[in-house]
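Asks: Sequences listed follow chains S and X, in order.
The first sequence begins at 1 in the numbering used here and counts up by one.
The second sequence begins at 1 in the numbering used here and counts up by one.
Among the hints, erroneous ones may be present.
Partial list, derived from the structure: chain X residues whose beta carbon lies under 7 Å from chain S [as the list claims (entries may be wrong)]:
1. Leu167
2. Glu170
3. His173
4. Ala174
5. Arg176
6. Met177
7. Asp178
8. Gly179
9. Met191
10. Pro192
11. Asn193
Label pairs and their computed distance ranges (CB to CB) [what the hints assert, rightly or not]:
12. S/Leu191 to X/Ile152: 46 to 54 Å
13. X/Gly107 to S/Arg66: 30 to 38 Å
14. X/Trp187 to S/His151: 53 to 61 Å
15. S/Glu198 to X/Ile26: 35 to 43 Å
These aren't lab readings, by the way, just hints derived from the structure by calculation.
Note that the structure is predicted; figures quoted are calculated from it, not measured.
Where a beta carbon is used, it is the ideal one built from N, C-alpha and C, also for glycine.
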Amino acid sequence: MSGEAGRAILIEGIEKAFGKTRILKGVCLNLREGEFLSLVGPSGCGKTTLLRIIAGLESADAGSVRIGGKDVTRLRAADRDIAMVFQNYALYPHLSVAQNLAVPLVMRRLSSLERVPLLRHLVPGHAQRRSAINAQVQQAAEMLRLGHLLHRRPAELSGGQRQRVALGRALVRQPSAFLMDEPLSNLDAELRAGTRREIVELHRRAGVTTIYVTHDQVEAMTMSDRVAVMMEGELLQLGTPREVYENPADLRVAGFLGSPRINTLPVCSAPDGIRLGALHLPLQAEVAPGAELTLGLRPEALHLAAEGLAVQIEHLEFLGAEVLLHARLAAPDARLTARLPIAVAAQLQRGDAVHLRADWSAALLFGADGARIASSASELCLNA
Amino acid sequence: MRPGEERSLLHDLPRLALLGLGACFILLPYVWMFAASLKPGSEIFRDSLTLWPERFYAIENYGKALSEVPMLRFLFNGALVCALILVFQMLFAVPAAYALAKLRWRGREFLFGLIMLGLLIPYHVPALPLYVVFARAGLLDSFAALVLPFTISVFGIFLFRQAFKSLPDELIHAARMDGMSELSIVWRVIMPNAWPAATAFATFSIVAHWNDLFWPLIVVQSHAMATPALGVLFFRAEEAGNDVGALMAAAVMVTAPMIILFLLAQRRFIQGIATAGLKG
Ligand SMILES: Nc1ncnc2c1ncn2[C@@H]1O[C@H](COP(=O)(O)OP(=O)(O)O)[C@@H](O)[C@H]1O
Ligand SMILES: [Mg+2]
């Protein structure tokens with residue numbers, strides 16, 4: 001699709017409450033022209049609500065939405081030049097695929113007189129406009145491999161086909177932004193992977209600014225230019241997939257992104273550094289002595305070693321190229337998960353006592369409120 | 001044939017027999033009406049009960065019903081009045097139901113409460129004040145008098161609201177994004193997807209107003225404005241006297257359109273009742 005480049009989107013201070021429950025607590029978000037941004041967070045954190053506000057389907061209690069520099073906060077959904085793909089597709093059940101695809105064009109380009117059967121033939125220029133619409137529908141259908149389904153009703157399509165019709169209906173009118181609300185959540189795993197790639201490719205071709213909502217962190221990480229992590233109505237972090245994974249700003253972000261989950265251990269700061277129980281950790285951070293902290297270690301930051309954290313293996317998960325090792329740390333009592341190459345873990349058995357060495361340069365420290373605390377691995381101990 | 005199918009039919013037999021018996025019982029008066037419309041008067045009141053006439057008298061009976069009163073005119077009036085009432089009821093009830101089911105505004109619940117209250121009031125209650133209004137306006141004995149009091153149906157609003165409630169919000173949101181106005185949404189998206197409810201409502205409405213005797217009796221005096229039910233009454237009072245055969249012929253002609261209509265709409269009608277009852 002030739003499509004003009006997408007517009008920048010700027011969202012500032014969005015507040016929304018349903019009754020007394022605050023759902024969105026001052027959300028700010030900025031998207032560059034043509035950017036693909038994933039909005040990720042657990043179910044019920046307000047993603048759909050935010051998307052509806054951006055689309056103009058719901059009004060915000062406070063805050064503003066700007067698209068391409070223009071304030072659209074007060075505009076109707078239809079006038080915002082945005083298209084949306086809904087979680088349940090929301091295709092018109094009584095219309096054929098071709099008619100579904102044509103609706104946004106018909107409603108925009110034809111006058112109300114032209115939409116009346118019979119009467120429409122009296123309006124000058126109708127035939128040309130109608131054939132232009134048909135050509136565009138045809139083009140969108142070809143692009144999404146829907147050409148042979150144009151005469152079917154949505155009920156006669158598979159989930160993946162409905163999904164593509166929903167995408168087609170969104171892109172047929174070449175909007176300046178796409179909003180997608182968990183578009184893959186109703187597809188099976190295999191179809192999901194394929195459609196994921198297809199959506200990325202469509203975005204690359206059309207260059208339309210896209211906000212992609214998902215609760216699936218894999219989708220968020222694999223598809224997007226940047227990821228926005230939202231929780232309980234707050235935007236916790238906005239950055240590239242690598243940034244938010246390697247450098248999470250909040251314990252909740254670290255916990256949400258990455259599978260298996262990040263390991264967390266209670267630690268405290270002592271005058272001579274960070275301590276895990278009695279163990280002195282090779283970590284340095286600028287915190288007051290005596291502060292309760294949380295140490296975060298990704299499963300891939302733990303390695304099997306001759307010495308280090310003494311653990312007992314509780315469970316081994318075979319993943320093909322890798323093995324997930326679930327183990328219990330004796331003191332302090334905690335569970336750890338390590339991601340190990342198959343070669344290393346081949347001999348291990350449930351109940352074995354082994355040692356895990358941490359890659360301290362990848363360790364993450366969080367304060368009692370969950371906020372990230374800058375830390376560094378001390379030289380001395382890296383060698384140890 | 002699946003295994004066990006035969007047994008399940010046997011299993012259902014008592015139930016089917018009971019239902020069949022009930023159906024026969026309910027149908028009997030209609031069968032008698034139809035049989036009587038084919039017989040001469042002397043045969044109808046004989047002490048032996050026969051279904052089929054000995055002397056075929058249909059042409060005389062139906063001929064009399066058609067010639068002595070303008071029976072076709074009554075049927076036409078009935079069709080026109082029912083159609084007008086239905087059109088206006090839909091025109092008002094459907095958007096109102098949409099607003100009650102899918103739009104958020106202050107006072108919605110209160111207004112819906114009032115509508116529920118309206119359901120409790122039988123239409124005979126406001127008949128007298130309405131009569132006075134029409135009399136003052138000089139509108140007695142007109143189609144306006146037959147149609148206007150029924151143009152707003154609280155039952156219709158209620159039924160459609162329940163049906164619309166079960167349609168997904170996302171469908172409406174998609175329509176708004178596609179550039180539809182609220183009225184376009186009502187007629188282009190909501191209605192085409194609420195056909196079972198519409199059919200159910202149409203059936204209720206048409207049957208009720210086709211058979212209505214009470215209101216036409218109040219506002220109509222002339223043959224030219226009479227609806228079918230009232231027409232039969234005129235026929236009985238004025239011409240037929242005690243010619244039961246002809247009277248039954250008139251009754252058959254009046255009920256036949258409704259029976260045909262119901263048979264045509266049956267499946268959708270039952271779907272509509274089911275959805276209105278379960279959802280919401
Ligand atoms: N129209 C509404 N009325 C009341 N509460 C709502 C409404 N819409 C959403 N909510 C509530 O807002 C919260 C966030 O919902 P939503 O934005 O759909 O979350 P998400 O899409 O992230 O799963 C939920 O707790 C939900 O119950
Ligand atoms: Mg959602």
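Asks: How about X/Ala174: closest beta carbon in chain S under 7 Å, or not?
Replies: This hint holds: X/Ala174 lies near chain S, its Cβ roughly 4 Å from the closest one there, short of 7 Å.
Asks: Please check whether X/Gly179 passes as an interface residue: C-beta within 7 Å of a C-beta belonging to chain S.
Replies: 4 Å, holds
Asks: Restraint: X/His173 near chain S, CB-CB cut 7 Å. Satisfied or not?
Replies: 5 Å, holds
Asks: Holds or violated: the hint that X/Leu167 contacts chain S, with Cβ atoms closer than 7 Å.
Replies: 9 Å, violated
Asks: Verify the interface restraint on X/Arg176: the C-beta must sit less than 7 Å from at least one C-beta of chain S.
Replies: 5 Å, holds
Asks: Holds or violated: the 46 to 54 Å window for the beta-carbon distance between S/Leu191 and X/Ile152?
Replies: 49 Å, holds
Asks: Mind checking the hinted window 30 to 38 Å against the Cβ distance between X/Gly107 and S/Arg66?
Replies: Roughly 34 Å apart at Cβ, these two residues keep to the hinted range, so it holds.
Asks: Lying within 35 to 43 Å: is that true of the beta-carbon distance S/Glu198 to X/Ile26?
Replies: About 60 Å separates the Cβ atoms of S/Glu198 and X/Ile26, which means 35 to 43 Å is violated.
Asks: Can the hint on X/Glu170 be confirmed by a CB-to-CB distance to chain S that is less than 7 Å?
Replies: Holds: closest Cβ of chain S sits about 4 Å from X/Glu170, inside 7 Å.
Asks: Measuring from the C-beta of X/Met191 to each C-beta in chain S, is the shortest one below 7 Å?
Replies: 9 Å, violated
Asks: Can X/Met177 be said to touch chain S, with a Cβ gap under 7 Å?
Replies: Holds, because the Cβ-Cβ distance from X/Met177 to chain S comes to roughly 5 Å (cut-off 7 Å).
Asks: Have a go at the X/Asn193 hint: is there a Cβ in chain S nearer than 7 Å to its own Cβ?
Replies: 6 Å, holds
Hint compliance for this structure: hints 1, 9, 14 and 15 are not met, and every other hint is.
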